[in-house]
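Peer 1: Sequence:
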Amino acid sequence: MLLTPEELCERWKGAVTVATLATWRARNIGPAYVKVGRHVLYRLEDVENYEREKTK
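Numbering follows our numbering, with no gaps: position 18 of the sequence shown is 1199.
One or more of the hints may lead you astray.
Only pairs whose alpha carbons sit at most 30 Å apart, straight line, appear in this in silico BS3-like list of lysine-lysine [what the hints assert, rightly or not]:
#, residue 1, residue 2
1, K1237, K1216
2, K1194, K1235
3, K1216, K1194
4, K1235, K1216
5, K1194, K1237
These aren't lab readings, by the way, just hints derived from the structure by calculation. Just so you know, these numbers come straight off a predicted model, no measurement behind them.
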């Protein structure tokens, strides 16, 4: 399953914004993402791994 940046923000209940995700991508931090054309998408598996790492 793939999530858009907006869907990821919803998943995290607004704890981060779409702009924050863009900043994280530019700084190479945050969950892994893929680009399909001009679209940025986050694989659910990568998001869940990131969440596990950050909640240790």
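Peer 1: Look at each hint and say if it fits the structure.
Peer 2: Each hint tested on the structure:
1. The suggested pairing of K1237 with K1216 holds, with an alpha-carbon distance near 28 Å, which does not exceed 30 Å.
2. For the proposed pair K1194 and K1235, the alpha carbon gap of about 16 Å is at most 30 Å, so the pair holds.
3. Only pairs whose Cα atoms come within 30 Å are accepted, and K1216 paired with K1194 is accepted, the gap being roughly 23 Å.
4. In summary, the hint linking K1235 to K1216 is supported, as the alpha carbons are separated by about 23 Å, within the 30 Å threshold.
5. Note on K1194 and K1237: the hinted pairing holds, with a Cα-Cα distance of about 20 Å set against a maximum of 30 Å.
In summary, this structure violates none of the numbered hints.
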